[in-house]
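Engineer: Sequence:
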Amino acid sequence: MINNRKMSGTLQSVLIVLCLFAQCRGSSLPTDATLRVPIPSKESKIIGGSPISINDAKYQASLRIVATESSRGLGYGHICGGSIITQRVILTAAHCLMNYNTDPATERTAGEFKVVVGSTQLFVKEANMLQYYVQELVRHVGFDSVSMVNDIALVFINGYIPWNWPTAKAIHLNDMELNDGVPCNVSGWGNTEMGTIPNNLLSTVVRSISYADCDSVYGNIPLTMICAGNFMAGGVDACQGDSGGPLMIPELYKGVTRYYLIGVVSYGHGCGKVPGIYISTQHWMDWIVEQIET
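When the letters of the sequence shown are read in order and numbered with mature numbering (1 follows the signal peptide of the UniProt record, and there is no 0), they come out as residues -26 to -1, 1 to 268.
Accuracy of the hints is not assured; some may be wrong.
Straight-line alpha carbon distances no greater than 20 Å define the calculated EDC-like cross-link-like pairs of lysine to aspartate or glutamate that follow [stated by the list, open to error]:
{"no.": "1", "residue 1": "K99", "residue 2": "D30"}
{"no.": "2", "residue 1": "K228", "residue 2": "E100"}
{"no.": "3", "residue 1": "K32", "residue 2": "D154"}
Label pairs and their computed distance ranges (CB to CB) [to be verified]:
{"no.": "4", "residue 1": "N75", "residue 2": "A101", "range": "18 to 24 Å"}
{"no.": "5", "residue 1": "Y50", "residue 2": "V123", "range": "27 to 33 Å"}
{"no.": "6", "residue 1": "Y192", "residue 2": "P136", "range": "23 to 29 Å"}
{"no.": "7", "residue 1": "D189", "residue 2": "D118", "range": "31 to 37 Å"}
Rather than coming from a laboratory, the hints here were simulated on the basis of the structure. Given the structure is predicted, the values throughout are model-derived calculations rather than measurements. Note that beta-carbon positions come from the ideal geometry of N, C-alpha and C, so glycine has one too.
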């Protein structure tokens, strides 16, 4: 379950700013809500995942390198996932904005990226797909590309996602503590068990893991991170290409499914081997709204 905590005036302002596009009424899970966790198909080929429809993934964004997309074709520029949090802001991981083809790694510029939303297909142009160039990149100033500390960033697109677009909606941001053992969903176009990149967006279910158990695997995990997966057994996880994407809890409220973003895919040791590490949105709420307001 999720623990409620009292919201400060600052946090209430955060929710007003970030939830207008998401059309939410607050970040607390309703008491009469029922958590809805899709069960992965046995036919899945991602690390424990299954294809999902756009109706269950309107929040999903694909972050792509323009040059690669131009030279190789649609979808080949994809490097990371992201989550729509306002009409023009995508939340992702800071390491997604780095160029690791250089030594040492260097920061990429806004002009190198574009963002695709409104579609679950990576290599197929669908009717409701929206594509935007990027106006600004905001990395956390304390991000370390080696230790992955403060691995959070915002991508400002050069336009606005229409309020009434049928396949692209902002996700609700979570401001509550997450208990251990909670089933969560993670989605992305990362490498599958066969080492290939899927065309269709995939989703899998992972469970939140205690800080102590996670720290016993990795050591020195920042308190701003959360862990999820199948502790010590593996089998379900995010993988390369899923970085920056969402870790969330879907809940059914009055017949409508709503998603709460609780984490951002950061890193792990291999894919589906040990629990993955995620940036906790609860810990970064104030930072997010500060960057959007400035």
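Engineer: Against this structure, judge whether each hint is valid.
Structural biologist: These are the hints, each one checked on the structure:
{"no.": "1", "hint": "K99 x D30", "verdict": "holds (19 Å)"}
{"no.": "2", "hint": "K228 x E100", "verdict": "violated (30 Å)"}
{"no.": "3", "hint": "K32 x D154", "verdict": "violated (27 Å)"}
{"no.": "4", "hint": "N75 x A101: 18 to 24 Å", "verdict": "violated (34 Å)"}
{"no.": "5", "hint": "Y50 x V123: 27 to 33 Å", "verdict": "holds (31 Å)"}
{"no.": "6", "hint": "Y192 x P136: 23 to 29 Å", "verdict": "violated (41 Å)"}
{"no.": "7", "hint": "D189 x D118: 31 to 37 Å", "verdict": "violated (18 Å)"}
Against the hints set out earlier in the document, violations occur for numbers 2, 3, 4, 6, 7.
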